[in-house]
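Protein chains: 2
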Amino acid sequence: MDISIIVIGDELLIGQVTDTNSGWIARHVNPLGWNVKSVKVIGDNEAEIIKAIEDSFAQTDLVITTGGLGPTKDDITKEAMRKYFGGEMVYDKEVEKNVLRVVELRHLKINDLTAAQAYVPSSCKVIQNKVGTAPIMWFERGSKVLVAMPGVPFETEQMMENEVIPRLLNHFCANEHIEHRTFIVIDHSESALAIKLEQFENNIPPHIHLAYLPRPGLVRLRLTGRLTDKTQLCNDLDVLSKQLHDILGSSIISYEDKCVAAILGDLLRSKQMTVATAESCTGGNIAHEITEVAGSSDYFVGSIVSYSNSVKQNLLGVPSEILEKEGAVSQPVVIQMCHGVAKLLGTACSISTSGIAGPGGGSLEKPVGTVWICAKCNDKIVSERYHFPGTRDRVIDRATMTGMLMLIKLLKNE
Amino acid sequence: MDISIIVIGDELLIGQVTDTNSGWIARHVNPLGWNVKSVKVIGDNEAEIIKAIEDSFAQTDLVITTGGLGPTKDDITKEAMRKYFGGEMVYDKEVEKNVLRVVELRHLKINDLTAAQAYVPSSCKVIQNKVGTAPIMWFERGSKVLVAMPGVPFETEQMMENEVIPRLLNHFCANEHIEHRTFIVIDHSESALAIKLEQFENNIPPHIHLAYLPRPGLVRLRLTGRLTDKTQLCNDLDVLSKQLHDILGSSIISYEDKCVAAILGDLLRSKQMTVATAESCTGGNIAHEITEVAGSSDYFVGSIVSYSNSVKQNLLGVPSEILEKEGAVSQPVVIQMCHGVAKLLGTACSISTSGIAGPGGGSLEKPVGTVWICAKCNDKIVSERYHFPGTRDRVIDRATMTGMLMLIKLLKNE
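Top line first, the protein sequences correspond to chains Y and F. Each step along the first sequence adds one to the number in our numbering, with nothing skipped, and position 111 is 111. Each step along the second sequence adds one to the number in our numbering, with nothing skipped, and position 110 is 110.
Hints are all accurate, no fakes.
Any copy, or any two copies together, can satisfy a pair, since identical chains are not distinguished.
Calculated pairs, DSSO-like style, for lysine-lysine (alpha carbon to alpha carbon, straight line, at most 30 Å):
(1) LYS109 - LYS366
(2) LYS242 - LYS109
(3) LYS412 - LYS271
(4) LYS196 - LYS242
(5) LYS37 - LYS51
(6) LYS196 - LYS109
(7) LYS366 - LYS97
(8) LYS109 - LYS258
(9) LYS109 - LYS412
(10) LYS130 - LYS366
(11) LYS196 - LYS130
(12) LYS83 - LYS51
(13) LYS196 - LYS97
(14) LYS325 - LYS343
(15) LYS37 - LYS144
(16) LYS144 - LYS51
(17) LYS271 - LYS258
(18) LYS196 - LYS93
(19) LYS37 - LYS83
(20) LYS409 - LYS109
(21) LYS409 - LYS271
I should point out that these hints are in silico values taken from the structure, not numbers from a laboratory. Computed from a prediction, not measured in an experiment: that's the story for all the values here.
The whole structure should be built from the sequences, with the hints applied where relevant.
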């Protein structure tokens, strides 16, 4: 089944907020064999909301809207839906009860605006929002369904997963399966990979599609298949996966769609090793990425963010002569940082960074984007100078990713 | 002028990639008095691309597309544009030269796929992509313009700013000004704020609009005005800003649309103070947020990410008896972490966190989401127990934000 998503909110069209709801919904309906056909982002405007609903229903049987349901004056979605689906605004006692419960849970006080959430069009079935005050509305017109979700990502995610998707499964019936296989590939640019896989690609059956999703330092390859016969589909994908494995070998660092920090975590856990980081230009971002993974306390001990030279000297044991002679952004400094943090925190593995993230601080010899990175695994140690293009946050992200990939390579050869 | 944006790529519709280009474009055309009318996300499908162009041209004079221009087989945007705008594919020597330059700069080798980037429809004017291999294409049909940008955010951002926006300004002429004023407000929920501002809102002139943009721990208020007379518009906005200031006072922590880390940085710099963090459950994310701000080395010294108890004891001086008796997630531990890191790194200010980010590790007494946070500014110290709802990354984000806001409040009263 195809789905249209309508994302509502002025704040999205001026770029103050980024829509993550449509991606979340897509990722969670795909395994059901459903397919997001298009996503449309529009402002808080009654006529545009109604037009978007009309256009979407012309294209798909299911429309999901997110946003525009808050209690403040700039939200007019509810009224637009009432106009489109008919009926009148009615006060729903069950919604009121739910609003009171949520407000109390948040240690807030009820007020007129929060209470106004209890008004809903009589043409909808209400699904109580267990994690927020805006009621979820289910509308039907003939064979078509529209579900209006809140804009707050946490609320949409919780309620889609626990309440809306089960109801949609009951209402519609999936007859086509969609399956994905994702491969995280390093050591290749997107086009070098495409050339290596040309023959492989030419032999892919028509119900399976290969996509290249390049990321800094890696390419995600994704096989997507669609077929009514799920067993056959899985079998076809398994055959192709085996072929990819034979062609790319150790350049595939994961056969699952996992973030690099999770791949690193799996390796550390399987080898029963621990890791620490000593971060200058990445400012704690490697530690942050590692600890975003649930269960990372099994292998992550801690980090020293040594932004100032005094921290590099006093805690990580970088000699002041080296800092003076070579500068903080240099090979001997980053190597000592790596040794220093492993010794201080008692870990087998460590990653260290020192660089110029910009926009200031660059020189002819060491321009903005210059980063020394070091990774250590037991007595093996590698260090490398990189030059990452782009803005401050991009340099930080690239250095973070590269540091983790360097340690992954060391661990794979351990 | 109104703009339609078409975002192209299967990877967006299955949620593997999040579109940030449309938001970036919106933020950068708004100050020119231009307005993003809608954003449409579609797959790599020729018929859908052509239909989206038709629909968009029916609505606006300017259409910007992003994505679908890479060298691999799943990109068919270029052919769709050729079909829509006419002409044939021609080999462009200037594009070839640019591709060679960029490939060399990246220390990569040219290959057949990268070279294929040099084929462009004869119906377009090419804008050379200074930071990537995919050429930017400028098409015209009557009074209407379509600009096809690459999908890589870095390339789109650099090329929009330096090449495309200046050309668009030359081509179209803006006659209406759009101005924004943003206020970062704490201490109020969205609806409490709306009630406090009811009278203020009723007196806003019709060419100015007020929007509420709630974020964890704060609400961003945004006044948006549109008028041909720029001086009058700015004057009107200044009057309203003064009124908001009188109503909300110190609850406004910034009169610019800045992230909390930048607001904290401004305060530290103006008071010539330094800060360090001691992070357990936030795992380095506070340090990361602080150091994402350019120039943060002026006031940020470093951080101890003390994920394991041994780091809390050995580096931050948390007595083992307290860890045993109270547990790591407790008030005395978080207070000692805050004192310990300020002493170790020699700073006036510090922030510390210790909590259970989940999904595991919770108990009846300390459920998942329980976080102790402490902030210190000279001899003033505050500590508080919070319970944040939601997933692991949400708990980390909320704790990060709350820690920075606690220190901002201390600094404001310094």
